[in-house]
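If you want the building blocks of each chain, they are given just below.
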Amino acid sequence: MLALVRSGAEGEGFVPPSTKDFELPPIFGENPYTTKPIFLVFLSVILISVFFIAASRKAAIVPSKLQFAGESVYAFVRNDLAKDVIGHEFLRFVPYLFTLFTFILVNNLFGIIPLIQFPTMSHVGFAYVLAMFTFFVFHYVGVRKHGLYKYIKEIMFMPGVPKAAYILITPLEILTFFLVRPLTLSLRLFANMFAGHLLLLVFILGGEHLAQGAIGLKLVSPFAFGIGIVLTFFEFMVQCLQAYIFTLLTALYIAGALADEH
Amino acid sequence: MNKLNFAAEAEKLNPLIPHTAEIIVGAVAFSLLFFVLRSKVVPMFEKAFTARTEAIQGGIERAEKAQLEAQRALTQYNDQLSKAREEAQTLREEARVQGVSIVEELRAKAQEEAARITAAAHASIEAERQQAVTSLRNEVGALAVELASKIVGEALDDQARQSRIVDRFLDDLEKSK
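In order, the protein sequences belong to chains A and B. Numbering follows my numbering, with no gaps: position 202 of the first sequence is 202. Numbering follows my numbering, with no gaps: position 68 of the second sequence is 68.
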């Protein structure tokens with residue numbers, strides 16, 4: 001699929017992968033809603049829904065293998081992320097965190113699943129959306145818990161800080177809460193997926209290109225593919241880790257908004 | 001011109017500029033997934049967790065209850081058993097005593113019976129003897145008289161005649177029998 005998209009790869013020597021490789025044209029005409037990442041997002045929604053509905057349908061005390069698999073993921077988000085971080089009010093945030101984790105994880109894993117091989121989150125729009133949701137969720141939770149005035153006041157004037165320090169701390173806090181947090185959340189996820197995919201492209205397309213070259217280059221090409229395979233495993237780790245980090249930070253922000261003092 | 005195009009293209013391909021379509025689709029898809037998981041999956045998993053916790057706790061409680069019940073039943077059975085043993089002991093004692101008395105009674109009865117039978121036998125033997133004596137006495141008397149008359153009737157002069165007479169008498173006796 002990528003080969004179709006890549007232009008000018010023939011006859012001009014090796015063209016290193018660039019941001020162009022992420023711009024996949026619409027599959028049906030000019031309609032921007034028919035690009036590969038958009039189909040992948042819907043595919044992920046269908047896959048996750050079908051899997052977890054099938055796994056949870058019986059809700060048996062003694063779980064089947066399928067239920068056990070689904071439950072393990074759910075219990076991981078519920079107990080290790082939500083419960084440990086947020087505390088006694090965690091249960092009402094579990095659906096959101098669970099959705100977040102599974103959605104990001106599956107869309108990231110698309111990056112190394114054969115034939116799909118495109119991490120949806122390497123398109124920054126999706127990462128922005130998720131960060132935006134988290135942004136609204138944790139501010140909403142904070143306002144609901146403390147009231148708008150007290151919540152804003154505690155963000156702007158951290159309790160227990162000498163008054164003079166507010167000159168420095170207040171702008172930083174405002175920046176942190178309203179700009180840095182959503183931006184870092186989305187960019188961290190996006191950049192990891194983007195860079196990972198680029199890295200895989202470099203080694204796999206490079207290996208392909210070397211295999212077509214002179215005899216000396218042909219000998220090097222297996223090493224490029226080998227590194228590509230190693231990096232695929234590495235990417236798998238990064239993809240899982242990023243899903244975990246995004247969810248963990250969301251839980252931390254929610255916990256912070258719920259706490260009595262920021 | 002070329003440069004401009006390149007700049008425009010670079011602008012267009014800035015990976016930090018999101019596509020509108022992707023923002024909309026991302027929001028819709030994520031919300032969709034959220035509602036599906038919240039309404040269909042999370043409640044079911046929570047239900048399973050609760051059921052499991054309850055099953056474990058309930059199981060422990062039930063086990064404790066059952067153990068108490070078993071303990072109670074055991075004590076009860078032991079009580080009953082010892083009671084039954086005592087009862088059996090009493091019954092055995094009674095039976096033994098009763099048996100002894102029955103044997104004693106029977107023995108006395110048997111002795112009595114034996115004594116009675118012996119006495120009856122003695123009586124009947126005595127009566128028969130008496131009768132025999134009486135009849136013998138009568139017969140012997142008659143025979144003596146008869147013999148005497150015969151002896152007296154014939155002259156008892158010689159030894160040979162005497163013995164003949166006695167022989168004849170005995171023969172007669174023999175015949176008359």
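To be clear, the hints were calculated from the coordinates, so they are not data collected in a lab. Watch out, some of these pointers could steer you wrong.
Label-pair restraints from in silico Cβ distances [as the list claims (entries may be wrong)]:
id, chain 1, residue 1, chain 2, residue 2, range
1, B, 63, A, 236, 40 to 48 Å
2, B, 58, A, 162, 39 to 47 Å
3, B, 14, A, 214, 32 to 40 Å
4, A, 145, B, 64, 40 to 48 Å
5, B, 53, A, 223, 48 to 56 Å
6, B, 58, A, 64, 18 to 26 Å
7, A, 225, B, 58, 20 to 28 Å
8, A, 144, B, 63, 17 to 25 Å
To give an idea of the interface, some chain B residues facing chain A are shown, with a C-beta separation under 7 Å as derived from the structure [to be verified]:
id, residue
9, 18
10, 19
11, 21
12, 23
13, 25
14, 32
15, 34
16, 44
17, 51
18, 100
19, 102
Using 30 Å as the maximum straight-line C-alpha spacing, the simulated DSSO-like pairs for lysine-lysine come out as follows [said to hold, decoys possible]:
id, chain 1, residue 1, chain 2, residue 2
20, B, 47, A, 36
21, A, 218, A, 20
22, A, 65, B, 40
23, B, 175, A, 83
Backbone N, C-alpha and C fix where the C-beta goes; we use that ideal spot for every residue, glycine too.
Verification of the hints:
1. B/63 / A/236: 40 to 48 Å: With a Cβ separation near 45 Å, residue 63 of chain B and residue 236 of chain A satisfy 40 to 48 Å, so the hint holds.
2. B/58 / A/162: 39 to 47 Å: 57 Å Cβ-Cβ, so the 39 to 47 Å window is violated.
3. B/14 / A/214: 32 to 40 Å: holds (37 Å)
4. A/145 / B/64: 40 to 48 Å: Holds, since residue 145 of chain A and residue 64 of chain B (Cβ atoms, about 42 Å apart) stay within the stated range.
5. B/53 / A/223: 48 to 56 Å: This hint holds: roughly 54 Å between Cβ atoms.
6. B/58 / A/64: 18 to 26 Å: Given range 18 to 26 Å: holds, Cβ gap about 22 Å.
7. A/225 / B/58: 20 to 28 Å: violated (58 Å)
8. A/144 / B/63: 17 to 25 Å: Cβ of residue 144 of chain A to Cβ of residue 63 of chain B: about 44 Å, so the range 17 to 25 Å is violated.
9. 18: holds (3 Å)
10. 19: Hint holds; residue 19 of chain B Cβ to chain A Cβ min 5 Å, cut 7 Å.
11. 21: holds (4 Å)
12. 23: holds (5 Å)
13. 25: At about 5 Å, which falls below the 7 Å cut-off, the nearest Cβ of chain A leaves the hint on residue 25 of chain B intact, so it holds.
14. 32: Residue 32 of chain B check passes; min Cβ-Cβ to chain A is 6 Å, inside 7 Å.
15. 34: holds (4 Å)
16. 44: holds (4 Å)
17. 51: OK, holds: residue 51 of chain B within 7 Å of chain A, min 5 Å.
18. 100: violated (68 Å)
19. 102: With a closest approach of 69 Å, the residue 102 of chain B hint is violated.
20. B/47 / A/36: violated (37 Å)
21. A/218 / A/20: The given pair, whose Cα atoms are some 27 Å apart, holds under the 30 Å limit.
22. A/65 / B/40: holds (19 Å)
23. B/175 / A/83: Distance ~142 Å between residue 175 of chain B and residue 83 of chain A Cα, so the pair is violated.
Checked against the numbered hints listed earlier, the structure breaks hints 2, 7, 8, 18, 19, 20, 23; every other hint is satisfied.
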